[in-house]
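Fit the two chains together into the complex; they arrive one by one in their own frames, and the hints show the way.
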Amino acid sequence: MIEIKQLYKSFNNVEVLKGINITMNEGKCNLVIGKSGAGKTVLIKCMVGLFEPTKGQILYDERDFVKMSEKQRKQIRLEMGMLFQGNALFDSMTVEDNVRFPLDMFTSMTKKEKTDRVDEVLSRVNLVGAHKKFPSEISGGMMKRVGIARAIVQKPSYLFCDEPNSGLDPITSIVIDELIQEITQDLNITTVINTHDMNSVMGIGDKVIYIHEGAVHWEGTGNEVMTTKDKELDNFVFASKFWKHIKEEQQEENKP
Amino acid sequence: MNFFFHLGRYTLTLFSLFTRPEKAAMYWKELFRQMNLIGVGSVGIISIMTLFIGAVTSVQFAYQLQGNLIPMWYIGIIVRDSLMLELAPTLSALLLAGKVGSNISSELGTMRISEQIDAMKIMGVNTRAYLIGPKILASVLVMPLLIVFGVSFGIFGGLLVALGGTSGFTAAEYIRGLQDPIRDFDTVIMFIKSVSFAFIITSISAYQGFHTTGGVVGVGEASTRAVVYSSIVVIIADFLIAALLL
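As given, the protein sequences belong to chains A and B, one line each in that order.
Take 37 as the starting number for the first sequence in my numbering and just add one per residue.
Take 24 as the starting number for the second sequence in my numbering and just add one per residue.
No incorrect hints appear here.
Okay, derived cross-link-like pairs now, DMTMM-like style, lysine to aspartate or glutamate, Cα gap no bigger than 20 Å in a straight line: (1) A:LYS243 - A:ASP266; (2) A:LYS168 - A:GLU149; (3) B:LYS46 - A:GLU149; (4) B:LYS46 - A:GLU106; (5) B:LYS144 - A:ASP127; (6) B:LYS144 - A:ASP133; (7) A:LYS110 - B:GLU138; (8) A:LYS265 - A:GLU285.
Simulated from the structure, these hints should not be mistaken for laboratory data.
Just chain B, same shape as in the assembly (with noise of 0.2 Å):
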């Protein structure tokens, strides 16, 4: 009864935010704020993780095939693919979950707690619009560019551990790999995922978030079901888009 009670309120919280606002202008500052906030706020954390995964991947492929007849420069096109098709996307969007999820959710939620949305829908301001539509519009651009800078940090990694000269593979082979031709397809479900993600953890945490309720400990609260909730979503989610697309 609580899940269906939830999932309603979360579907009318979503279909709130189509309406016309009433300055066009504030929400495209919001907008650009919340850009700024998600996407130039995630790039370090971002490049830091995809950096190490890429060269983790290579290491451990290139442990793999050691002895076996499957040429060397494989491991450049395995850490490109499973960096685009998997690792960037999914292990961004659980990261964001984290970083940005609780943040949205702790921000709303403070706001809730001290009547800052309760003035602004004392002015007029439709709250959920103003406050949540700029969140995910935000996330939903800038998500897929933060996992193309993940991708390209990724295999940067993959690079530097070539580089490095003890994992049994050369530069020159892992090039090799990484220059056999991309599906197209592999980018539509690199930017599928991508933007699935961003919608999935901004919308939840921001659910969570505007709904809270019980003072400081329901903030807490609130930031601790977005991080989770969204984070078991996202898994559903990729697993979803697996299936039915690959």
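Here chain A stands alone, though its shape is the one from the complex (with noise of 0.2 Å):
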């Protein structure tokens, strides 16, 4: 589980969190949603220590991140594995390589044990017959993938993904949502995925989180965010006319 407590975070005297609480459910797709510049990315980047908090707690099953050294770290950032918004894929590695560097680096495995489990990671996303290719030579789709599966080979305890459906297209965002969704049930992980896309919050989220202007402004699951009452998720969610629309059908259907 992972838990958040009085997080803050400044940039050269500007405020972007403003004290977030938050519990993530283990075992469960944990999405965080809000407006560009709400301080989404900021707070996924202090979760995996790219950005140090000015103040606060994030506890991994009860173990400090903020408090720990570097090298206390290292053992907690074995359990992470993070999908990124532009997959930031190694391009001079090929795809078997890049989802092989994590067990070269840390692990003792035997080179068969190790390409066993690169078969095991890219046949569970889909991914079969690409082992040789570059990451330039892929699509977007299968770049996403490649990056599931590099952030999965070690069999993390908690993923991160920032932003994993964008720029892509609605069929192959939906595919990899469910991927993630699968993923996080099977291996009983638990996800954090950072994102605006309206068809994951309705599809994946088994929690969702409204950041507003820095602070945890809502909490919820999925479906309760289709009957919220809250005027800021409301403007925020049913912004597209598409959802809208799909809201007062629901609204007409659930009349006596």
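Listed below in structure tokens is the structure:
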């Protein structure tokens, strides 16, 4: 379980995170949503140690990540996997080498064990036959799959996804969402997803956290988002005509 | 203030290289990859440059020695010693600041802006040690070899001029000069310069690339700074080595 308590982060005296308190549900997809500039990316970067919080606690199964030395953090990092918005695949390496990299760097597995594990995760993300291709030779959807494969190759306890659907067409977005949800359930990992995509919110949002101006404004499930009475969240989620229409239809159906 | 900020961060970056590798085999693999990129990848350009530098030096000294009492076989000594002490190490370093320095800086800069360095950090990799350490070590190891190679090609360039027979000295005179004993200290200076320049070029370029900010434009700017700063520092170091050791 991941708990965040009274988390603050400032840049040049501008407070971006203003006392965030969240508990991420274990073995579930926890979606962090909010407008651009609300502080979602800063939050996720604080959680993985790319930014140092100004103050507060980030507890991974009661281990405070903020207070740890870099050496102690390494242990927690081995339990983390992250899918980046731009995939962050290593350009100079093939798909296979990208996925194998964490195993080469941190495990004492034999060559065969590593090959088997790489094959296993690549087939888990439905990416067979792309082992020898370079990132520049594959599509955006395939890159996301490679990113997911690399993130889960060490069997992490926590998976972080920053805008996993960005730059993907709607169909591929749904496929990637479903893949993340399946992996979360199969491996029983705590997944934190930073997204703008309302399809993701409705589709895989076991828990949805709405961040507004650097603070948690609303928490609930994906289904509860549809019936929310919160004006701020309502404005954000139903900003598009499509989702407004869906909500109105649902309200019509629910009328006695 | 800005200068001291960068000097401090550069020093801290270098200190952070001295940590225990997560997996020595991965660092060795990266070291050999870099030795191939920096060393083998630069042989061609160093050969061409030093071949012509040796040829030009011999032509110009032959011109200056004409009508003098100094025997023409001195050209062999002059070409060899000037290549060893100054021309091969310094000009190769300036050339490599452009080729290797910009390459290192843009590679690391691109990795920075595309979050590849962040990805490694989240995995638990000591990114400075893994990405910068092997590059510096590889260049320090291969640069002296490149310079020896360059000196040889430069001397060969002078010989080609002599064989051409139009510059007023013969191949026999040139070889006679080359056979004059080499001072051991000259060889030491050549290696000191090679190692120092290699360190300067790769460490400054890696520092610039690693701390790139500002997207694609930032990568270009970091690459330019890498070439300019490392070239200036190479020239200053060249003077200091000469002034202190010769």
